[in-house]
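Asks: Chains as they are written, first to last, in our numbering: chain X, 4 to 121; chain Y, 4 to 121; chain F, 4 to 121; chain H, 4 to 121.
No lab work stands behind these hints, which were simulated from the structure alone.
If you're wondering where the values come from, they're calculated on a predicted model, not measured in any experiment.
Copies of the same chain look alike in the list, so a pair counts if it works inside one copy or between any two.
Subject to a maximum C-alpha distance of 27 Å in a straight line, what follows is the list of computed DSSO-like cross-link-like pairs (lysine-lysine):
#1 LYS99 - LYS11
#2 LYS99 - LYS27
#3 LYS99 - LYS110
#4 LYS11 - LYS89
#5 LYS115 - LYS54
#6 LYS89 - LYS115
#7 LYS115 - LYS102
#8 LYS106 - LYS93
#9 LYS11 - LYS106
#10 LYS54 - LYS89
#11 LYS99 - LYS89
#12 LYS93 - LYS11
#13 LYS115 - LYS99
#14 LYS110 - LYS11
#15 LYS27 - LYS115
#16 LYS11 - LYS27
#17 LYS102 - LYS11
#18 LYS102 - LYS27
There are 4 protein chains.
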Amino acid sequence: MSVRGIEKILPLILNFRRERDWVKFHIPKELAAAISVESSELVELFLWRDKEDAGAPIDDDELMLAIQEEVADILIYLLYLSHDLKIDLKEAIINKMVKNAEKYPVKEYFGKFHDGAL
Amino acid sequence: MSVRGIEKILPLILNFRRERDWVKFHIPKELAAAISVESSELVELFLWRDKEDAGAPIDDDELMLAIQEEVADILIYLLYLSHDLKIDLKEAIINKMVKNAEKYPVKEYFGKFHDGAL
Amino acid sequence: MSVRGIEKILPLILNFRRERDWVKFHIPKELAAAISVESSELVELFLWRDKEDAGAPIDDDELMLAIQEEVADILIYLLYLSHDLKIDLKEAIINKMVKNAEKYPVKEYFGKFHDGAL
Amino acid sequence: MSVRGIEKILPLILNFRRERDWVKFHIPKELAAAISVESSELVELFLWRDKEDAGAPIDDDELMLAIQEEVADILIYLLYLSHDLKIDLKEAIINKMVKNAEKYPVKEYFGKFHDGAL
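Take these sequences, add in the hints, and give me the full structure.
Replies: Here it is, written out as C-alpha cells:
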C-alpha cells in the first residue's frame, strides 16, 4: 500500500463538492451515515464468501476493483468529515493507538481473540 | 484537517498487530466487517440529534473526542485492509473521483440532491 | 401496521431457501452481515434528506415502496436467523423491553434525548 | 422459533415510547439509523469468529443471550418504523419474496452463490 501523497487528494475532493454546491448536504451527521453506507457496500462484496475466497490476495480482478472503489468511497467521506471538523487524522490515530495498546496488553492478548472491534 | 505524515502511521499499526499475533484474524472479509462496525459507532454518536446539534463545528468537547476516536478506528482498519490488499489509496481515490465526476456532471447536479451515496 | 399472520411467513421463506439449497450459506454470522447490509440500504434511502422530507407519512410513492422492500429484506434475514438459532422473538422482545424500562426510567428520561441506540 | 403472538408486542413498545415522550425523536430516518446501529452490534458479536464458532447452534450461553438482545433491538425499531409508516409487514414480505423468486430462479441458483444480499 501507499498513502504517499494522500494529502494532495484533499483539494481535489473539496473542489468536487464546491463545484456542485454540495457543501450544504454535508453536515457531519450525514457524512457519518454516508461512511456507514459505503462500509456496508464493502461488506456486501464479501457476503457468503468462504474464508479461502475472502483472504488476501484476492485473485478475482472484478472483485478487487470493486473493493478498491468502496475503500475509496469510504475514505473520501472520511476526508470530508475530517476536514469539516478539523480533525488531525495522524494525531487522532496516534492517540487511539496509545489507548488500544493500553487496553490490549501484548502479554494478555498475544494470539488471542478479543471481543468486538477496537 | 491535516493528513500530512499519515504514511508514518502505517508502520505503527502494522507493528501493533504483529506484536499481538493478530494478523491471522485480519482476513479482508473480517476487516471489512470491522470497518462497518466502527462506522456504525460513529453514526450512533449522532443518533437522535438535530441538524443544529450535528453540524460543524461541534461544540461539545466530549462528543468531539468520541468522533475523533471512531474516525481513527475506521481509518486504522482501512489502512490494514489497504495494506493487505496492496491498494494504492491515492490512486484508488483519483480513479473513483474521475468516475464520480462523470456520473454527476456539474450542470445537472449543481445544488441538487442525488440519490444515495457516491 | 399489521403483524397479524406473520407466523405464516416463516414456512414461505424456509421453503424458498430449501428449494435453492442455500441453507449452507446461512450460518448465523453471515445472516447477521446480511441484516446489516440490508439495514444500510434502508439508511441510504434517507441519505441527504431533510427532516421534513424524512418524516412520516412519506408522500413519495417510489420512496415508500423502496422502504417497504428494505424493511422486508431485513425482516426476512432476521426470521432466518431467529429460526436457525431457535430464538423466540416475542420472548426476546419482552425481556429486552423489561431491561430498557429499567435503564430508562420515565421520570428521568421523559422527553429527553438519550445517548445512542437502546 | 416462534413468532406467535408477536402482534401483542406492538402495544407494549408503543406504550414505552409514549410514556417517555420519545415519539418526537422517532422520525423514520432516525429509526432507520437506529436499525442499522443495532444490526452492527449484532455483527460485532460475530467479529473475528471462525465459521465453526459462528454456526448454529451457538453453544456459548452468554453469546446466545447477547444475540437475542440485539435481535430484539433490531425488531423493536423495525416495528416502530413499520407502525409509523403503516407498513403491512406480512404483505411487504410476501411481495418481496415474489420478486426474489423471480430474480433467483431455482434452476439457475440451486446450490449456487449469489452476489450480495437479496
